[in-house]
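Chain residues, written in single-letter form:
Number of protein chains: 4
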Amino acid sequence: MAGLYSGWNRAWVVAIGVLMMIVPAAAQQHDPFYWLGEINKASAVMVVERGIVPKELGSRIADAVRQVIATGDSPGAVRSGNYLVIEDALTKIGGPDMTRLHSGRSRQDIGATIQRLAMRDDLLAALDRLNAVRAALLGLAQKYPNAIIPAYTWGVQAQPITLGHYLTAYLSAFDRDAERLREAYARLNLSALGAAALGTSSFPVDRPRLAQLLGFDGVVENSLDANQISPIDTGAEAVGIASTSALTIGTFIADITQQYAESKPWFLLTEGELTGTSSIMPQKRNPSGLVFLRAQASTVIGHAQTFVLVAHNVAAGMSDYKPFINPKQGNQPNNVVRELTDLLDGFRLLIGTLAFDEARALDEVNADYSTTTELADTLQREADVPFRVGHHFASELVNFGRAHGLKPSDIPYSEAQRVYTEAAGAFKLANTNLPLSEAAFRRALTAENMMRVSQGLGGPQPAEVARMIAGQAARLQADRAWLDDQRSKLKDASAALDAAFSALRNP
Amino acid sequence: MAGLYSGWNRAWVVAIGVLMMIVPAAAQQHDPFYWLGEINKASAVMVVERGIVPKELGSRIADAVRQVIATGDSPGAVRSGNYLVIEDALTKIGGPDMTRLHSGRSRQDIGATIQRLAMRDDLLAALDRLNAVRAALLGLAQKYPNAIIPAYTWGVQAQPITLGHYLTAYLSAFDRDAERLREAYARLNLSALGAAALGTSSFPVDRPRLAQLLGFDGVVENSLDANQISPIDTGAEAVGIASTSALTIGTFIADITQQYAESKPWFLLTEGELTGTSSIMPQKRNPSGLVFLRAQASTVIGHAQTFVLVAHNVAAGMSDYKPFINPKQGNQPNNVVRELTDLLDGFRLLIGTLAFDEARALDEVNADYSTTTELADTLQREADVPFRVGHHFASELVNFGRAHGLKPSDIPYSEAQRVYTEAAGAFKLANTNLPLSEAAFRRALTAENMMRVSQGLGGPQPAEVARMIAGQAARLQADRAWLDDQRSKLKDASAALDAAFSALRNP
Amino acid sequence: MAGLYSGWNRAWVVAIGVLMMIVPAAAQQHDPFYWLGEINKASAVMVVERGIVPKELGSRIADAVRQVIATGDSPGAVRSGNYLVIEDALTKIGGPDMTRLHSGRSRQDIGATIQRLAMRDDLLAALDRLNAVRAALLGLAQKYPNAIIPAYTWGVQAQPITLGHYLTAYLSAFDRDAERLREAYARLNLSALGAAALGTSSFPVDRPRLAQLLGFDGVVENSLDANQISPIDTGAEAVGIASTSALTIGTFIADITQQYAESKPWFLLTEGELTGTSSIMPQKRNPSGLVFLRAQASTVIGHAQTFVLVAHNVAAGMSDYKPFINPKQGNQPNNVVRELTDLLDGFRLLIGTLAFDEARALDEVNADYSTTTELADTLQREADVPFRVGHHFASELVNFGRAHGLKPSDIPYSEAQRVYTEAAGAFKLANTNLPLSEAAFRRALTAENMMRVSQGLGGPQPAEVARMIAGQAARLQADRAWLDDQRSKLKDASAALDAAFSALRNP
Amino acid sequence: MAGLYSGWNRAWVVAIGVLMMIVPAAAQQHDPFYWLGEINKASAVMVVERGIVPKELGSRIADAVRQVIATGDSPGAVRSGNYLVIEDALTKIGGPDMTRLHSGRSRQDIGATIQRLAMRDDLLAALDRLNAVRAALLGLAQKYPNAIIPAYTWGVQAQPITLGHYLTAYLSAFDRDAERLREAYARLNLSALGAAALGTSSFPVDRPRLAQLLGFDGVVENSLDANQISPIDTGAEAVGIASTSALTIGTFIADITQQYAESKPWFLLTEGELTGTSSIMPQKRNPSGLVFLRAQASTVIGHAQTFVLVAHNVAAGMSDYKPFINPKQGNQPNNVVRELTDLLDGFRLLIGTLAFDEARALDEVNADYSTTTELADTLQREADVPFRVGHHFASELVNFGRAHGLKPSDIPYSEAQRVYTEAAGAFKLANTNLPLSEAAFRRALTAENMMRVSQGLGGPQPAEVARMIAGQAARLQADRAWLDDQRSKLKDASAALDAAFSALRNP
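First to last, the sequence lines map onto chains S, D, F and U.
Number 223 in our numbering belongs to position 223 of the first sequence; there are no gaps in the numbering.
Number 125 in our numbering belongs to position 125 of the second sequence; there are no gaps in the numbering.
Number 458 in our numbering belongs to position 458 of the third sequence; there are no gaps in the numbering.
Number 400 in our numbering belongs to position 400 of the fourth sequence; there are no gaps in the numbering.
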């Protein structure tokens, strides 16, 4: 239905356009033909090293493999990911002896290996985009670390916090997601090659060497596990992380969305690429990008559940959950991770267009009574009034204020004194006079004061926010270094494979 | 990843090929541009009839609408589904006055209407393919109505039944699915047009007339419901039916799949289009089509759940669950119904390649003790032995037979007599002699006898099977007639719209 | 974890208390022992009528059945739902001949029958509570039919509507749910009894008579379908309706919840039973009941998906999806329907505590520009200005107003004139003077006017709201009559069964 | 519906009984009252240490806390998990000053802390049961390491493997699950206490000290994250692992279940506790425990998805996904992990009753052609025939054998020679004579040979199986040591807390 949205309407069109300008994650990854070429190169090197194939034949096989790859790389060529199609091309070049390359292999282990090769890139791509999201959130946090905003519990204004505090909370969640992705990567970057159909073979295949040549950190040891069992749990783990990340993004979107129900939000999408208008309602500036992104996040979760369904209640060895499944099925773990990558990229864009109105946010805090916790705390801290007594006084003060349509700053001091006396009396305190001067009372009700006196580890006060921003920036930097490191290792392995493969040429 | 599977291997390639040869349901349906054209034609007729637009201007609007449709219908033209793009084209032809066509409309009600127009065709297409599945099952049932097969409870052979009995059970479920689709259709084929943004308008828009012109059976009365509430529940209903149907298809697939775990199945896919081979295992003839179809069925269920997620916990008026959503989202109810249609078509193909081995099925029955229920029934019916006594005797007989590796027909009569005497004694019966002759005893243990003596309504005996096959055939015929009838009505409405629209030309 | 919430805090405690005071749906339904008694009574009548059991023995069986029921009904007695436990009790009373009652039956068909007997009551109970929800919504609609409230698209204020309009939109959805429940009931109230294990039997069991005795409207014809196939699709249908209804309730909850993000909501839970306070924040009045209810709605959806998972990818005859499954499993369709019933009851309670602030709702409308659609409509209707021109003028007027922090009513007429002239010029209109007097201009921007001039079928204007309220009230009355009618029929059937069973006593 | 299953029928009853004898995981864990006591003890120690409360008052608070705990521990006492109920009891003992214990706390951070305290025990309990499952699988593997069984691809017999190979594949998956649980534990065993409502407080609360006193490995740094964000992603992670583990268990169950469709399975539940009979079919020995367990596994997955739904599309600070939610909701992550624990325990029981029939498994292998891969491999390895040629020969041999109803061992050598000559000719080989003696040909087709000559890392041959069993045993031992270590640390922390709390008594 893409056609429904192309055309005249600037905002809608651009919204879609922008989302399309994000090069979809799937388009940036290698295709199965590429991976099959790498696998064939690695196999050629190994079968010669282990004497399964004589050097001379190995050289001819290498030539044929090289030709087939070159043909596939030429413009407009068909690039099959089916080994039997490739084998047919090899045989046409060099006769039936070419099939010795396949000694101790099967499409089953090739499929399992390609799935891991592709997923390893997919996980790294997701991490890359996750790091970009973290950078965008950090940027916003660094711009307004100490701006005061309302925070909510049960969906109701609870206490003021600072924007830096709010954003580092989400940064912590995305830091955990990065950790989960790295841990999944460690279980994933292992080779299935040489497992053959499921039980290895009678050829002296060197599985660790194949793994090394393909940049894997090791092998999936048990060959049945490699082909049949591990695709289920490693797939479920990957889609589970995608789903978890989408849930957190959805929470952030819900926070922003709730602003739009008000006539004057303090967090708004900058009018432009991600907003839309109406064909009938002249006043509308719709946060289309926000709605699209929420639907994308829900879809990631739904597709994660779809993979679980595809892998559910089928015996081992079935192909439902495997990468070489009906292409119409389209919900393999790789696709879900790629959808997460696209979601992260859209989210990063959205953060980039978020306009924050500091004054409006403070107005919202001042329009409600969310500083009264600190009034009770002040009474205990400075005047030794037990917490429950101060809490009761503050609660009655709120009832009075709301009943009279007053903001906290509008409540007469004399009324505060009266309410306190009643409250202290109800608890039978000896001294029932409000033990705060008017100035102290007024100060205790301001959000600025509440931020200043806050002193808990991890709280919204400037010192802690600065510390947490610095901490998250350091963690991001470390994660970026880790990612660079992995990519370097893969690049080095690829170069080493090319060198070993080239060396087959002249035996 | 389609490329992974194209090429040399006949079976895999063809399996995919065949699934691709099924023209996907989405490709057979009208696009939003088409529906927008129909809606504009209907609006043009109505605004003139109701005097919202003078006849002369109506004639010019109609000309412009006609031109825009013709342009979109020309080869290679862009066919936008966005009204504002179309309006821009209309305005270029006839100036701002063209926009009076849009009086009392919005992209919101247009979107809701297109969604219903498209879904109405999608539901009819699904019904069409469901009817084809029913015809295929009926064909198989009519070919072997009385062939004996094992039936299972708790996954273990339970009793023999007949193939006609087995297949009419599934036919009953698909008959119920057809009923559900028709009932959903009745709630669906109602018009949202004229609801405008959500609150109708101050123009005297004639919503019932618009509905009539577009072939709807009526209107969605409340305009807020039309745009915002009903898309949720009617969407959830449609995907729920798709999910239910996929569950039943999955059950049938599981029945067939379990055959393949045996070295000699009695239900097999004919080797060919839907089966595959192995690059390494010479003996393999894989039921690839069966596995693909199961994954497709699971995917329908997962995508149905995805729509529920997309519509979940969002306030009214959000667009998550609506048809004019981010095209990347791709899980709208229409898509799920189209995936069901494709699943039904694949299932029909699969039924067409199912080869049934009558002798092998009977062997499977004879290899186990699933007729012993009738032995106990015979004892009560013919020799007045209480059921629990006969059941106990038969159970002990089975224990004896299995312990000695005997099939039912191999058990010596004398052993049966001995076992009976012990069983009758345990219940303290007066007569502890087996009250069946050897012939009667032998006969009571055959599957053929069990089918013959069965007499319950809806049972596996020939008379009931014949009656149920005839009944299902009649229900199928009625459903086909209903479908033809709906399509005729829609065709007639379309012709009437064209006539009324043509009449605008010369006012 | 119930203990976490019992005690001192009034609101939380009472919130839970109230939810507990709702007698849970499960507690109001008959248990399997009861249904087994009814089934045994019906079987006793039928086996005598059909001569499977002689009258004299039938009389003795009936006596034993009566004794066993009486024993189970005595205080503190174990009430087994397992037929074999009951048969043991019968045999202890009357010897092995009692087991002839079971002729042509199995625990399989008994299980399938009990599931339908229980589900039939569950569906009727859900309908009963759904009708109560509709009555509560109708009451609210009748109280404030024409109160003006904002409506939203894309989560942003769109146009004013009336409360009666808003509520009748939801009433329409619940009316469709009632229709779906009645249609499911028609497919459900059919008897499986006599299907035996799956293939009926060689006894002349009269299945239609058994159905009649148990108040069923007919039989599930095919015996394999009765026990093995139909539990899947009828179960999936029932949980699908529950899920659909929960989605709609969740939408309503989201509408209300979004109010709470503002410091001054216009829709609030009356402080009391469904609201809570905070142990630390003195100002908090939390809408706990709303949050609980949303979690309950999400749980209904999750449990519906759980049933689908339980029935997914298992062969026919498996018991995963059947009623006589592991009691720890706890997600059978009946449970999900009962959870829906409890959700509906909680929702009804919540509607009862909703306090609506008419003035605040109008303020919210007046604080934004959602009437500007009508300004453009007025220009076309009264001054013949093409819609797109009026829309452009209004859009520019909104930009001016927002940039200057003005409400619609604050915009100087002279500025409106200036903006109009520019807009008309951009479209090259001949007349570029605003063709509305200041009074007409002001009036066009009021919500009251917009409601008054609205004239579409199903719109928010008083006449249509009154008509829709009356229509929904009539539909509710009809549904209540239908429900009473079904319950009467079941009561009559139960009395007829008791009479026929009593007649066995003295043959 | 538990009553449905109590009673006479030994197997069903016992099946349920056994499942009930598994002390449900929930019953083995501490309740909220216990954790609230621990939290109050830790707070009492800290507020005195930090001077928030003077020593003397601290001593009185400690006495009151001690009294309240003792009261709750007395038989039949109500054990509230609501802090406000406890505070009321404290106040009754010591007056309003007792409420200073709550300085800088809220029910929000207490709730988040209890959730983590409980989940930490839940994760360790799941690990404990997972280790028991691994031990049971290891026991079976050690009993029959080299027994030959068929393995499958696409649901069709593929190649023989050994039971040790098969079981170590699953052991690898459970080893990964253990790794995931340990990684989740590291993210989970951090303290939220002192986060207060969400923004810490103005009291000098020492969060790291509170964490240490409660046995946490650290704190959840950001206080908003601690209460509002982390419960979503840590909850989703926990239920995701449960779902993943249930998927793997379901795969194993599907493997076993498929055996039951045959009249002679080679893997059977020992008749007894986990099997059932039929009230009507004398021959039935149903694997009820297997079916129950599959439904339990599906339910774990469904409840995991339910938690995701409960946390989906709600703004931060909502309580849907939190531990102190409506107790009727019942799908919090803790419950799902406890359901996993019960599932693991049932699975361990099931493994314990699995009877393996070595001869029958070998018969099944010998009845099919799954050794022909090795025939082709032998031809290449020993006679230098290119793999594809050998594969083609073997495939034609299978066609011949199946067409004539022959097992591999029955094929005449002369026919093999003929088929080879044709195959070699088709590939234009120089030598078209079968280059294997009859003995070599026969040997190449036996499963025993295929196991012996297999030499890949991780294959089914005895040496690799022995190595993998030893490896899995070592990993299990290490995991048990890790678990013991964690439990020791928690015990030590608990003792240290008690000591510090006791020291408050005499200041």
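Each hint should be verified, as a subset may be incorrect.
Chain copies aren't distinguished; within one or between two, either way the pair holds.
Quick list of in silico lysine to aspartate or glutamate cross-link-like pairs, DMTMM-like style, CA-CA up to 20 Å [stated by the list, open to error]:
#1 Lys428 - Glu262
#2 Lys143 - Asp357
#3 Lys143 - Asp206
#4 Lys491 - Glu271
#5 Lys407 - Glu262
#6 Lys143 - Asp217
#7 Lys264 - Asp97
#8 Lys407 - Asp128
#9 Lys489 - Asp384
#10 Lys55 - Glu358
#11 Lys428 - Asp88
#12 Lys55 - Glu382
#13 Lys489 - Asp357
#14 Lys55 - Asp498
#15 Lys407 - Asp363
#16 Lys264 - Asp88
#17 Lys428 - Glu221
#18 Lys143 - Glu382
#19 Lys264 - Asp363
#20 Lys407 - Asp175
#21 Lys143 - Glu415
#22 Lys407 - Glu438
#23 Lys55 - Asp384
#24 Lys264 - Glu396
Since the hints were derived computationally from the structure, they do not count as laboratory data.
All values reported here derive from a predicted model rather than from experimental measurement.
Here is how each hint holds up against the structure:
no.	hint	verdict
1	Lys428 - Glu262	neither (44 Å within a copy, 37 Å between copies)
2	Lys143 - Asp357	within (12 Å within a copy, 39 Å between copies)
3	Lys143 - Asp206	neither (55 Å within a copy, 29 Å between copies)
4	Lys491 - Glu271	neither (42 Å within a copy, 45 Å between copies)
5	Lys407 - Glu262	both (19 Å within a copy, 14 Å between copies)
6	Lys143 - Asp217	neither (41 Å within a copy, 33 Å between copies)
7	Lys264 - Asp97	neither (75 Å within a copy, 35 Å between copies)
8	Lys407 - Asp128	neither (46 Å within a copy, 46 Å between copies)
9	Lys489 - Asp384	neither (62 Å within a copy, 38 Å between copies)
10	Lys55 - Glu358	neither (72 Å within a copy, 44 Å between copies)
11	Lys428 - Asp88	between (94 Å within a copy, 16 Å between copies)
12	Lys55 - Glu382	between (87 Å within a copy, 18 Å between copies)
13	Lys489 - Asp357	neither (45 Å within a copy, 48 Å between copies)
14	Lys55 - Asp498	within (17 Å within a copy, 73 Å between copies)
15	Lys407 - Asp363	both (11 Å within a copy, 18 Å between copies)
16	Lys264 - Asp88	neither (67 Å within a copy, 32 Å between copies)
17	Lys428 - Glu221	neither (73 Å within a copy, 39 Å between copies)
18	Lys143 - Glu382	neither (34 Å within a copy, 51 Å between copies)
19	Lys264 - Asp363	both (11 Å within a copy, 13 Å between copies)
20	Lys407 - Asp175	neither (39 Å within a copy, 44 Å between copies)
21	Lys143 - Glu415	neither (40 Å within a copy, 37 Å between copies)
22	Lys407 - Glu438	within (16 Å within a copy, 36 Å between copies)
23	Lys55 - Asp384	between (89 Å within a copy, 15 Å between copies)
24	Lys264 - Glu396	between (29 Å within a copy, 18 Å between copies)
In summary, the numbered hints that this structure violates are 1, 3, 4, 6, 7, 8, 9, 10, 13, 16, 17, 18, 20 and 21.
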